[in-house]
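K.L.:
Listed below are the residues making up each chain.
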Amino acid sequence: MCLAIPMQIASINGSRAVCSIKGIEREVSLFLLQDEPIGIGDYVLIHVGYAIQKISAEEARSTWELLDQMLTEDAQHA
Amino acid sequence: MALDDARQWLDKIRALPLTSPVRIMNVCGGHERSISMAGLRSALPDMIDLIPGPGCPVCVCPEEDIYQAIQIGLNEPDSIVVAFGDMLRVPVNVSSKSVRSLEQAKAAGADIRPIASPSEAVRIAKSEPGKTVVFFVAGFETTCAPVAGMLAEGIPDNLLLLMSGRLTWPAVAMLLDYETPSFDALIAPGHVSTVMGPEEWQFVVDRHGFPAAIAGFTPDSLLAAIYSVLRQKLDGRIFLDNCYQQVVKPHGNPTARRLIESTLTIVDAPWRGIGIIPASGLELRADYAQHNARLRFPVHAENARKNAGAMPPGCDCARVVLGRIKPVDCKLYGVSCTPRSPVGPCMVSDEGACRIWWSSGIRTRSAEHEETTCT
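Chains as they are written, first to last, in this note's numbering: chain A, 1 to 78; chain B, 1001 to 1375.
Only chain B is shown next, with the shape it has when bound in the complex (with noise of 0.2 Å):
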């Protein structure tokens, strides 16, 4: 029936009169996943551009916090750092011969380990008394809501947070007040809202006039979403559509946003590659400055360390995360950056539109439009 959804949306889309393109940005992984798996750049009218955005915790995750993470894993005597599978990866810009990551971390003798869930942390840290578990944590909103309703359940003294949690919606702020930017229309994250409420997307249409629509993850929704914005944009009647009704209801879930309030606060923070964003980033409130392992730690920060907090030399990650260019025109993708040996955050995580667009296919430019199609 999903499949029947989508064809009807597709055909509505294609009989739209679009007489000049029109860029539409997504900022999540699972919208950029669900586009490139289902082929919808090909299936829809060429006029149509659809750009992935920051949508990608992990690939904006500071350098710094990385680096910080590894050396508490390979210098904090009796210390375990756990981290979401995807962290682990990452690496950081140091020489070959230097830990590069959390994994090489590990291999060093390090105790890191992956986890999947909050409740994992708070498990390692009740089973191991004697040890002191920093738990890194990348992450929208999505991610620092579970993350909050950890704390407010309450943890042991020895479970710690390296924070690295980050809101979605300053950094589409940031590129809707750049001189020229590099999108038309929004496409606005489905389980973001889902925990936030759709009311944190008005801005793009009552500040910037931009069309905004939010999208599930069915090709069905996000056509329907594509649809809306352009409808929107043809009709010169901007709205915030919510095409993913189902699941984000109006003020989102007000338990998880409590929570969040409750224990975390809204800090000005560093994206990768990117520099400082502000009002953008969630640290832990002051009542849990004990479980801060900012607080409780020396930064690991060496005057000496080249291009700290930037990209690896060479990669494009950077523009990639802003929309500026697509994984395909960097230099590194595919040739030196590939899922077996990533060089850059964006070809490491399952959200990165690097990784996502290499796992569905594509290899170059020209084949960008070259994906199984849905139709």
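Next comes chain A alone, as it looks inside the complex (with noise of 0.2 Å):
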């Protein structure tokens, strides 16, 4: 549960944002991140529907292949 997934600002809306990941949309809050400059294609750490921490696009890829990798697994294992 306190494993947060990186995903890309694709839209913005007062404390609300569509952001995505590998073509899959989610809305998500912003209101954790209020008084952080963020805009439109910036990569966050979403957890619980929720905006944590700002990040690299370079984190972002990184933790992608290793949530690939255990989705892999985990189907295997299942």
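Honestly, I wouldn't trust all of these hints.
[To be verified] Derived pair list, reagent style SDA-like, types lysine to any residue, alpha-carbon separation capped at 25 Å:
| hint | chain 1 | residue 1 | chain 2 | residue 2 |
| --- | --- | --- | --- | --- |
| 1 | A | Lys54 | B | Glu1153 |
| 2 | A | Lys54 | A | Gly39 |
| 3 | A | Lys54 | B | Thr1255 |
By construction, these hints were calculated from the structure, which means they are not laboratory data. This structure is a prediction, so every number in the text was calculated from the model and none was measured.
Starting from two chains that each stand alone, build the complex the way the hints lay out.
P.N.:
What follows is the structure, given as structure tokens:
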């Protein structure tokens, strides 16, 4: 539950944003980053629908690789 | 690239002149998952023992709270109980003929809904104004921050919270205060620290003189942290290392911390099968009393209920959570307790060590070191 996933911000409307990862879109809250300069194209770590930190594109990529690997292995042992 | 980095860290660790065993504890289900999936245990020298510790909020959520959530769903008219998916399958200690989990309460006709975000709780409450929606929250700091955000943004009158929020560091402090701690060094949790800041773990070094490093979730970040604590131990130079600097900033997320402070209060709190840990719980502040499900509903505690608050009979989850035994050491592991029909919470939750080991293919003690390796 404490594993947050990186997504990229596609659009912003007040404290809500639409974020995407590999073609999947989710509405998320930017409320916990209200004091940070944040814009479209930025990468954020999402946990239970809330962005908890801004991150770099490189950091986002390395976590995606890890998640891909975990999902594959999970499916193998399900 | 990350894989090359991981290999380099492995080589560096293998080259260390270790002369005695070192037990390194992690306190995060996400870390344990990465360690098990990447097969780090088998890749590392035998002298290094990686121990999963208290890293699963579902596993330590008080049995009484789950029982209370079930009873609210079954008995309170016009109620809807919402909870993160993991919580729905955790069994409480009642006879097999009674309703044993939120999932069974749902089958028995109660309105119980799994949610993935606090925003969903708000949305359900708004769309069902005639109902009382009870959001049952089990979670560590990372999850409590979004809950605090939800509260601060404003919630509808018909949304109540049953809070079982927990802080991770007091559990580690308790383990370190034991006469014989079950570990020698700590890998501190990455996303808890993202919210709370690395400073929360400074006590491990300052008060106890234990090596500590904050890690991210990729194998290379975890291996960097493992290398750091081993090196600290060998050099006798102990400090709090941050191997996840890209994400874990000094003071964490100050906005999230401010919101937690303004909506939640720290209380002494029970951990399932472990007991009360002082100042380890997050509960609603008095200003939110009208949203506190504990104050709204009677406590459904039947004195006659056997084993209230305990782990299920025969289940060794408590010692697994404390890092005293490994999942495979529990007599029920893989016998009567599997992900399909879990007995204890550690086999239910995606963050429970038993569930993670089982999904990584570990079936017996000897297989602990036979996972597929990343080398």
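K.L.:
The structure should be examined with respect to each hint, and the outcome stated for every one.
P.N.:
Cross-check of the supplied hints:
no.	hint	result
1	A:Lys54 / B:Glu1153	holds, 20 Å
2	A:Lys54 / A:Gly39	holds, 10 Å
3	A:Lys54 / B:Thr1255	holds, 13 Å
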